[in-house]
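Residue numbers (our numbering): 11 to 124.
One thing to keep in mind: the hints can contain errors.
[What the hints assert, rightly or not] Each computed DSSO-like pair below joins lysine-lysine, with the alpha-carbon atoms no more than 27 Å apart:
| no. | residue 1 | residue 2 |
| --- | --- | --- |
| 1 | K42 | K63 |
| 2 | K80 | K38 |
| 3 | K102 | K76 |
| 4 | K63 | K104 |
| 5 | K35 | K87 |
| 6 | K74 | K38 |
Note that these hints are calculated values from the structure, not bench results.
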Amino acid sequence: MNLYEHTIIARQDVSPAQLKQLEDKYSKIVEKYDGNIVKLENWGLMNLAYLIKKNKKGNYIHFKIKADGKIISELEKNEKIDKNLLRYLTVKVKEFDLETDYFKKNDEKGIINK
């Protein structure tokens, strides 16, 4: 089994219920092919570096997946035809960083900006 970090960017006008459906849809695809989702993170609505399909912002969802390569190709095949997604990216890693939450707000970490 290989380790992958997989990030999808959904359109900015997608409702929270639709975001939950996207998480469930792609989680079920991984589980259907005997993969394992180690961690699922919803990074929320963030600015894009440039316009993508007339969108300035996107909802980011990040999966840490332990699976075979065929699962990733199945995920990407489904993501190509999903109209709610702007982009997706899969990166093969050697190990997961499960402690660090990169996109938490500063006050949630206990740091107060002045």
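Hints versus structure:
With a CA separation close to 31 Å, the supplied pair K42 and K63 exceeds the 27 Å bound. Of the pairs offered as hints, the one joining K80 and K38 holds, with about 15 Å between alpha carbons and a cut-off of 27 Å not exceeded. About 10 Å separates the Cα atoms of K102 and K76, which keeps this hinted pair within 27 Å; it holds. Distance hint between K63 and K104 is unfulfilled; the C-alpha atoms sit about 33 Å from each other, more than 27 Å.
For the hint linking K35 to K87, the alpha-carbon distance of about 13 Å falls within 27 Å, and the restraint holds. Among the hinted pairs, K74 with K38 is consistent with the structure: their alpha-carbon atoms are about 14 Å apart, no more than 27 Å.
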